[in-house]
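Residue numbers (the numbering used here), protein chains in the order written: chain U, 1 to 204; chain H, 1 to 204.
Keep in mind that the hints were calculated from the coordinates and are not lab data. Hints are supplied without guarantee of correctness; some may be wrong.
No copy is singled out in the list; a pair is fine if it fits within one copy or between any two copies.
[What the hints assert, rightly or not] Using 25 Å as the maximum straight-line C-alpha spacing, the simulated DMTMM-like pairs for lysine to aspartate or glutamate come out as follows: (1) Lys101 x Asp116; (2) Lys7 x Glu21; (3) Lys141 x Glu161; (4) Lys7 x Glu65; (5) Lys128 x Asp26; (6) Lys78 x Glu100; (7) Lys7 x Glu161; (8) Lys105 x Glu161; (9) Lys78 x Asp171; (10) Lys141 x Glu198; (11) Lys104 x Asp146; (12) Lys93 x Asp26; (13) Lys141 x Glu21; (14) Lys104 x Asp122; (15) Lys92 x Asp26.
2 protein chains.
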Amino acid sequence: LNFQSVKRKFFLVANIARTSEFSLNDLPGAGRMDIVCRFIAQSLFISHGVRRDSAAIVTLLGEPEPPKTVLIKGDEVKYMSPDERNIAGLLKKSLRLKVEKSWKKSSPGIYISSKDVEEVLDCFQSSKIVYLREDGQDLVKNISIDDFLFVLGDHIGVPDELEQIIISKSDMVASLSPISLQADQCIIILHNILDRIERGWSCG
Amino acid sequence: LNFQSVKRKFFLVANIARTSEFSLNDLPGAGRMDIVCRFIAQSLFISHGVRRDSAAIVTLLGEPEPPKTVLIKGDEVKYMSPDERNIAGLLKKSLRLKVEKSWKKSSPGIYISSKDVEEVLDCFQSSKIVYLREDGQDLVKNISIDDFLFVLGDHIGVPDELEQIIISKSDMVASLSPISLQADQCIIILHNILDRIERGWSCG
Numbered sequence: 001l002n003f004q005s006v007k008r009k010f011f012l013v014a015n016i017a018r019t020s021e022f023s024l025n026d027l028p029g030a031g032r033m034d035i036v037c038r039f040i041a042q043s044l045f046i047s048h049g050v051r052r053d054s055a056a057i058v059t060l061l062g063e064p065e066p067p068k069t070v071l072i073k074g075d076e077v078k079y080m081s082p083d084e085r086n087i088a089g090l091l092k093k094s095l096r097l098k099v100e101k102s103w104k105k106s107s108p109g110i111y112i113s114s115k116d117v118e119e120v121l122d123c124f125q126s127s128k129i130v131y132l133r134e135d136g137q138d139l140v141k142n143i144s145i146d147d148f149l150f151v152l153g154d155h156i157g158v159p160d161e162l163e164q165i166i167i168s169k170s171d172m173v174a175s176l177s178p179i180s181l182q183a184d185q186c187i188i189i190l191h192n193i194l195d196r197i198e199r200g201w202s203c204g
Numbered sequence: 001l002n003f004q005s006v007k008r009k010f011f012l013v014a015n016i017a018r019t020s021e022f023s024l025n026d027l028p029g030a031g032r033m034d035i036v037c038r039f040i041a042q043s044l045f046i047s048h049g050v051r052r053d054s055a056a057i058v059t060l061l062g063e064p065e066p067p068k069t070v071l072i073k074g075d076e077v078k079y080m081s082p083d084e085r086n087i088a089g090l091l092k093k094s095l096r097l098k099v100e101k102s103w104k105k106s107s108p109g110i111y112i113s114s115k116d117v118e119e120v121l122d123c124f125q126s127s128k129i130v131y132l133r134e135d136g137q138d139l140v141k142n143i144s145i146d147d148f149l150f151v152l153g154d155h156i157g158v159p160d161e162l163e164q165i166i167i168s169k170s171d172m173v174a175s176l177s178p179i180s181l182q183a184d185q186c187i188i189i190l191h192n193i194l195d196r197i198e199r200g201w202s203c204g
């Protein structure tokens, strides 16, 4: 997979998201698949379009076959709309594939593998890895244009042992808000900070 | 209705959102009810809680009985979770009520009326009314703590005639980003700006 032009990569650790069939009529009941869908939507969509410089990566750690990692590339994805049910349908399709350590294409721009969190981080060693945590340093004051991988936990957060691995591989632990936010909300703020910098808008 | 402590009010003009029964399995097909649901979710939810100082207001202008305006108060709402389907279910319930010009309670914290956009604006004359438009002045540089009503269009925008009314009643036309964003994305950025100011975090 080519990530040359994909400078904004967002990586969610989804602690209980289901790794096989689930009902599109109960996304919260599928290990909070609704959170996963919103995370993907906010990583990729703007008004009337997709961010071709962005990708969403989610490691699903729920039953019955963890880990599975789904990757959606903005420069390749097709047939996706920003509503939760549409994205969930595409995820469900990808979860039917037999996974291996290498990426397998499920539909245009959507890939799946059996990689765990550490293996995903190792894929993006050349990016600046930023772990988002409430007590991190204020990102707005400490950012410049770069090739990024932003790492976020879901509503449960990241278990201690896994967090140690993430921090050891991160360039920075950063925060975006004085308030505890949902993962998809963090993505919007990250995009806005980067959009403003890239287009010469000041941040304040 | 008492808005004493509800300092952040977000008002969406939903040009084609349906005003009667719709299917929870096709929210985009119900006049982009998915956009309405995400707008409400992002107005009210943070991680593990609801913003009690916030309210979401949506004027639905789609068939068959426009206008209908739904109002959700963060300090009263119950039984709501941030996934689109849950919020759509609550909206659907409210749309079954026979509407009048005055607010009628549909479920805890959720009210509906037959008010149109201008009548909604007149309800909040005492708030600082900010209309969000791509070519507005940069909000980050022109904001201080206040009692706000932020007005936004959906994916279609706001029709010219209606926009004239909104602008005539607004204190400010503001922009948040050099990029055209979805309404729910604007809400997150607005909340973040206000959170930072209120808690003494600088914006840059």
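Hint check:
1. Lys101 x Asp116: So Lys101 and Asp116 pass the 25 Å test inside one copy only (9 Å; across, 55 Å).
2. Lys7 x Glu21: neither (32 Å within a copy, 43 Å between copies)
3. Lys141 x Glu161: The answer is neither: 29 Å in one copy and 42 Å across copies each exceed 25 Å.
4. Lys7 x Glu65: neither (30 Å within a copy, 46 Å between copies)
5. Lys128 x Asp26: neither (36 Å within a copy, 39 Å between copies)
6. Lys78 x Glu100: within (23 Å within a copy, 43 Å between copies)
7. Lys7 x Glu161: neither (28 Å within a copy, 41 Å between copies)
8. Lys105 x Glu161: neither (30 Å within a copy, 48 Å between copies)
9. Lys78 x Asp171: Neither. Shortest intra-copy (32 Å) and inter-copy (41 Å) distances fail the 25 Å Cα cut-off.
10. Lys141 x Glu198: Both ways: Lys141 and Glu198 sit 15 Å apart in one copy and 18 Å across, limit 25 Å.
11. Lys104 x Asp146: neither (28 Å within a copy, 51 Å between copies)
12. Lys93 x Asp26: Both ways: Lys93 and Asp26 sit 16 Å apart in one copy and 18 Å across, limit 25 Å.
13. Lys141 x Glu21: neither (43 Å within a copy, 48 Å between copies)
14. Lys104 x Asp122: Within one copy, since 18 Å is at most 25 Å while 55 Å is not.
15. Lys92 x Asp26: both (13 Å within a copy, 17 Å between copies)
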